[in-house]
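Residue-level listing of the chains:
6 protein chains.
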Amino acid sequence: MPKIIDYKNGDQMSLEAVIKKSDYRLAKNGKNFLSLVFEDKSGQIPGKFWDASEDDARRFKVGTVVQLDGKRDIYQGKPQVIINHLGPLDSNTVDMSQFIQTAPIKRLDMENEFEDIFLEITNGAWNRVVRYLFKKYHDQFFTSAAAKVNHHDFQGGLAYHTLSMVHLAEKIADQYPQIDKALLIAGACLHDLGKTIELSGTLDVEYTFEGNMLGHITIIDEEIVKAAQELKIDLDSEDMVMLRHMVLSHHGFLEYGSPERPKLLEAEVLHDIDVLDASINMISKALDKTEKGKFSERIFGMDNRAFYKH
Amino acid sequence: MPKIIDYKNGDQMSLEAVIKKSDYRLAKNGKNFLSLVFEDKSGQIPGKFWDASEDDARRFKVGTVVQLDGKRDIYQGKPQVIINHLGPLDSNTVDMSQFIQTAPIKRLDMENEFEDIFLEITNGAWNRVVRYLFKKYHDQFFTSAAAKVNHHDFQGGLAYHTLSMVHLAEKIADQYPQIDKALLIAGACLHDLGKTIELSGTLDVEYTFEGNMLGHITIIDEEIVKAAQELKIDLDSEDMVMLRHMVLSHHGFLEYGSPERPKLLEAEVLHDIDVLDASINMISKALDKTEKGKFSERIFGMDNRAFYKH
Amino acid sequence: MPKIIDYKNGDQMSLEAVIKKSDYRLAKNGKNFLSLVFEDKSGQIPGKFWDASEDDARRFKVGTVVQLDGKRDIYQGKPQVIINHLGPLDSNTVDMSQFIQTAPIKRLDMENEFEDIFLEITNGAWNRVVRYLFKKYHDQFFTSAAAKVNHHDFQGGLAYHTLSMVHLAEKIADQYPQIDKALLIAGACLHDLGKTIELSGTLDVEYTFEGNMLGHITIIDEEIVKAAQELKIDLDSEDMVMLRHMVLSHHGFLEYGSPERPKLLEAEVLHDIDVLDASINMISKALDKTEKGKFSERIFGMDNRAFYKH
Amino acid sequence: MPKIIDYKNGDQMSLEAVIKKSDYRLAKNGKNFLSLVFEDKSGQIPGKFWDASEDDARRFKVGTVVQLDGKRDIYQGKPQVIINHLGPLDSNTVDMSQFIQTAPIKRLDMENEFEDIFLEITNGAWNRVVRYLFKKYHDQFFTSAAAKVNHHDFQGGLAYHTLSMVHLAEKIADQYPQIDKALLIAGACLHDLGKTIELSGTLDVEYTFEGNMLGHITIIDEEIVKAAQELKIDLDSEDMVMLRHMVLSHHGFLEYGSPERPKLLEAEVLHDIDVLDASINMISKALDKTEKGKFSERIFGMDNRAFYKH
Amino acid sequence: MPKIIDYKNGDQMSLEAVIKKSDYRLAKNGKNFLSLVFEDKSGQIPGKFWDASEDDARRFKVGTVVQLDGKRDIYQGKPQVIINHLGPLDSNTVDMSQFIQTAPIKRLDMENEFEDIFLEITNGAWNRVVRYLFKKYHDQFFTSAAAKVNHHDFQGGLAYHTLSMVHLAEKIADQYPQIDKALLIAGACLHDLGKTIELSGTLDVEYTFEGNMLGHITIIDEEIVKAAQELKIDLDSEDMVMLRHMVLSHHGFLEYGSPERPKLLEAEVLHDIDVLDASINMISKALDKTEKGKFSERIFGMDNRAFYKH
Amino acid sequence: MPKIIDYKNGDQMSLEAVIKKSDYRLAKNGKNFLSLVFEDKSGQIPGKFWDASEDDARRFKVGTVVQLDGKRDIYQGKPQVIINHLGPLDSNTVDMSQFIQTAPIKRLDMENEFEDIFLEITNGAWNRVVRYLFKKYHDQFFTSAAAKVNHHDFQGGLAYHTLSMVHLAEKIADQYPQIDKALLIAGACLHDLGKTIELSGTLDVEYTFEGNMLGHITIIDEEIVKAAQELKIDLDSEDMVMLRHMVLSHHGFLEYGSPERPKLLEAEVLHDIDVLDASINMISKALDKTEKGKFSERIFGMDNRAFYKH
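Chains as they are written, first to last, in this note's numbering: chain A, 28 to 337; chain B, 28 to 337; chain C, 28 to 337; chain D, 28 to 337; chain E, 28 to 337; chain F, 28 to 337.
It is worth saying that the hints were derived from the structure and are not from the lab. Please note that a few of the clues may not be correct.
Because identical chains cannot be distinguished in the list, a pair is counted as satisfied if it fits within a single copy or across any two copies.
Said to hold, decoys possible - Derived PhoX-like pairs: lysine-lysine, alpha-carbon spacing no greater than 20 angstroms straight-line:
1) K259 to K208
2) K290 to K336
3) K75 to K35
4) K163 to K253
5) K208 to K336
6) K290 to K316
7) K321 to K336
8) K208 to K198
Required output: the full structure, derived from the provided sequences and hints.
Structure representation (structure tokens):
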């Protein structure tokens, strides 16, 4: 099937894509139109759907997969598609993963893996808090992106990033026996769970009001506090203070938004493997789009460095 | 009455002072002794009380006011007192404010002032949360210092600093009507309340375990969350998110430990008046000890600057 | 009366506005035109006046209020007006404050307020220097903006910002009796007076040559030196050195252009209230243009933060 | 066997220790003495050996294990031992690891492990360079410390740190198949090998002249260049440029002494696991000396943070 | 002869210029074209050469001087030339220096000057290494630019910058006799020689693969190492370590890419005169394009400052 | 003649030295003493002169050269001399330069050199201002140090540093003809002249009140303003604004206390040669005390680097 990237200027396009953005607007000629952005795995292209009824606005909302026919053109220096025909595909038969990036592991498999992982959290308080919060935010956790841009910015990205970190945590705790494996894994499980509340949407990710004003670190701390109260776990216990410290300090530095720097061996390691997994994801994403023997585009989240593909 | 600072090396000392530190230890000769630090408003001097019984350790604990007789000496380059006699004074008749710095306003007067202040918090949710937490930590709030060192580092310092800030807040909100006075005052009341849990002791101030691992900003946020649950106030309401944002952002910058920078006009002002009152307190404290026409000692909390006394 | 912001693309515009910029140029077709920018309180829009004579260039200079008729269009992605008719209004009957932002207090009222303020400067040397310089730069002070962009960037902004700071100074000096009120107010009066020389123009503000090469802090210091010579006040006296230190250090940090950091309690406070008043002005200006429940545009002078309007 | 730390002031000491520093000097009374520092795993203590002959200076040189008898005393505020008797032990029967920290794995075992590791470097050029340089600096590599202070500052520390990093590299390359395992392991093997030339001594580690003027990063780059010439490997090949980039960039940031920041996925990962292994080593070393439920001493290499032992 | 800058929009252009960039592309209408950039000393202008054959692509490659006839137009807000006729000039009769900036001294004169300079390097090892490397990279050294942008970014710029620095070095060494003149001059000669390998092209300068991955500092260090081996000079000698230190540290600060900061008086001076000559070059280049009494454009390499032309 | 550095602990000292500090104090035994510091070119040693009369305090004031006899001892870990006899030498016959560092050029020679230099300042306004201020502060200029610590911290250091910079300025202006030599030299002459007012004393250098509160940059700017008024030179002229800019900007960066960064080619060069001459002086001073083949002590003013003596 042809992809957005395959067409050149002036070409007739005919392909399937998902609607990434959809705004219903009034043109200066008094007519309504939909300002759309189409996306498949190869890239994005905007287009206007003219004389749109309110019904059209409902049919072509964010997340709808469509058959798109039109002509590729340049407008104000940027590519757009002049739409000839637009038809929604049946959402039941569509395989979303053909259009947008998703986690390379199936949701069900990830859910099963986490069930096994919880068994490794051998401390009762930590285990109960983790299970409680994974149950409370189950759906959001397995569908959210891990970030608005930068790393793991796709559906299921949060769960996939968390899973990768747990795998690193297991291996590192095995290599260095002085590390409390249960604490490290509990911290890894919870560290970014506040993003389910900080961000909204999986295709068109935005910050929520709470996300903007409190941040995901404070949000997950609040959730742990409320979970402990619900579960009647003593918040003043060393265990609970340490678990909260793990998530509070996981950005590593005050200037990155952690109100405390790591003061536990496990908290330092948690920060390090968060950086490691996020870096590998960002670099790999950029290299995937790079030709062998060339440098990638500059990566914002990696201090604007370009990486070499060999 | 003579003060610690009045004595020179070799002098016989005879004065009243408060015990600031007290450690019960075993000397290399097998005997027990108390390692003490005496303090009055003029300064401090350490001394050892030899052949101390466990009973002595109980009699001469931190906060006890004593009649001290001994000889001022130099040991390893620093002054100490060789104790001849040490006798506890009757704590009922002693006026503590003669020995240690205290707030220049009486506790009772401060308590009454805060009762009036609460009336200015005209938003129901904020008013109830502030009253609830002031009731919960009433005693600690009126006896705590506002810091281990730096500004308002004395008994009642936390309440006095908070009161000064509220007075600034009232005047500034009156001058700029676009400021939400109730929000600014509610934020000022709560901003440092977490220090009642972050720090312990009023004479010999130390960080608690929670203080070290979570910090006073996260601690007060936890307290607001628990108060809202107790009072059945919706934590997701704009009012509660804004109140929490006020305390979370009051350090102004991420690198000073706030997980979010101010994003409300009132939050920015709260940060500014916190800095203003703390700076005036630190500079004034240093200038009080400086001769007219001279520069003060360098002030650590003011980027090590010396200030001129005119 | 309709405002610039009220018109959409393709609309016929008919409104009154002031000319903010006016450049007389030669087009590639050999004809002259005026490149104009129109402004009212709702915003700005550029437009070209074709076949302009030199006489037109004189009639439509910066500051002229005009009746503007034309069509709103988009050119190279930005709005412009295609002018049909342009007619100057009678400058005698026009109320400028309807077109450009001005201080919310009338100039005469501000002048009277400053007369009262001078009475609070009870030190003879400071009082005479302040009065001398306010007389010397009287007109410029009451018409200048306080900055090219950022805060109080409007006609009379300098006087209004100075007045707000004096009001803060009065209240703070009353709350903290250790502050020398006369010194703080004298410093507040003079702190930005050098901007009358650093900047030129009130509508189309630019840096002067002296402003660019010396900066307003050095310029006001020079003015104080010359005033003292004129008034036969001893420049080596503690009073004069302290007054100069107040203005030299009011940016607070070397990296913000102060050659000395504050070394007087009053100098530290002056810096703090300068920041406070400027911040409140910048945030309020942005929030005025923001819908309730939304975040403002990012504010350059506030480290690019967006603020929430509640 | 009693340790240095077991003795209190005034105690008679009798123990075995290794000589960590030894300086032959002339006292003001015209007599020679040895200024010694004794060390066992519990700590250090200095002492003077009076009336020392040149023969004594030879007998009691750095690295000698001795039977030490004397009295613990305080001199200028610090503990020292007044030596009664000092006798060298037979170096053939002494188990050095009882006196100084050494790698927790035996040298022979490490040597064997590296033989296996080389098999994983499946690129011919890299494999030959690594083998060549490990052969050239074989002894130094297995006896050097990895640093003068901070992390892995003990005999064999360089090899042990390198080995730990290789183990991390293997696991991470297995988890992320996009990583070139051979390149990552080759980089890990060589990254700190220049320290064999940058530092001298294993007990009393100092910077060499080359170390001071060139630094270990430039030194290992030079070694790779010379190795390639010796082995007739093309220095301009992509393989050799990438290998050199791995070691040049492994400090991650210019301000930490890398002349280039990482521009290969493998180079970024190499930097991350260097930080990870060094951090774990530094924190663990500090926690080993800390009581449960207390904070460690502040760790210089970890931005002066104290870590909590749970 | 008319220059690019002399033409206004709509003018017929007729002038001689050099081709600075040349890309052979396929238009959406299926025809081939050359995307060209023309340059003379007054500036640049792009233009498209339509229906270009592969032969045209060879005739109009980078560096060709052409007779250009066409019309100046605006496309997407930027000037371009609509080409009517394009004819290559005879490269044998063309004086390149009329079209592109070149060093103000002729290459032959510079070559002779360097011959004299080598005589001042009175240390045998340094003299031989410098002569060896100047011979090895003779042509590149005298044709390279000293940078991609910023200072001395023209053909021969590297040699001219080096020569200016040597002249400064001579004068400073004469004024301060404690400076080792031979070392300072040897360091100046070699400091940027690695740029002959780091950069490619003289008109359209780009980083090479080695340049990107190793940087010119490491590259010249490698060259010195190889030269010493070739010349059988002891790399461990103080002389060679010092020479390498000179080039390694000449950026002065780690964050500017030097792996070591200067630790020799001569290395500190070398860094200072590098900054001095580069600054004078950048400022002078900007002032050359500035009218008297105006400020220049902002200079990127001078922290974005504008300089005043008097 | 023996020097301070030649004596070891316990030795009888007998030498000539200058008194660097002298404080008259009351001991705890009720007797007066002089707390003295003696200095010769080899170093310093403190000592107490017991039972000192007020007459003794006058005889042994700062700057007196004395015959000192006593015993070298250690007190609280630092060397001191126990004075047996102290006798003032005849100030008329004493050669001060044998005891304290002075400029390596005689004052008279420097005065003559400056007379020649003034001839190079070919701009009338600059020439008159420079001559006026050199006359006004003639004695102070030729006796002051250039700094309290760091570079040129000796009698005549200010004149010597200024002279060195002028020599650099002459050579650089000759090499780069685009530099306005007269402006550069005028700026060099005046740049540090404010230090004659900022600092007091030549042996025991301290900041004055004006120095502390205004800084030497603002002080020299004030002096130029007053000179221009005295000489009836127009302060608003381009010439005077540029001259003031030269001295205002010579620290190069705001964070080093310049209220403006250099915006003239000549101002940038002035800053660079100030850094160059100061660096050479600081490094040379440290290397003078260093053995060949060793590293110097760390130099505070050079970011704490140690330099290698070859």
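Results for each hint:
1. K259 to K208: neither (24 angstroms within a copy, 38 angstroms between copies)
2. K290 to K336: The answer is between: 9 angstroms across copies meets 20 angstroms, while 38 angstroms in one copy does not.
3. K75 to K35: For K75 and K35, both the intra-copy (19 angstroms) and inter-copy (19 angstroms) Cα distances are at most 20 angstroms.
4. K163 to K253: both (12 angstroms within a copy, 19 angstroms between copies)
5. K208 to K336: between (35 angstroms within a copy, 15 angstroms between copies)
6. K290 to K316: between (39 angstroms within a copy, 16 angstroms between copies)
7. K321 to K336: For K321 and K336, only the intra-copy Cα distance (6 angstroms) is at most 20 angstroms; the inter-copy one is 43 angstroms.
8. K208 to K198: Intra 10 angstroms, inter 17 angstroms, cutoff 20 angstroms: intra and inter.
When each numbered hint is compared with the structure, a violation occurs for hint 1 only.
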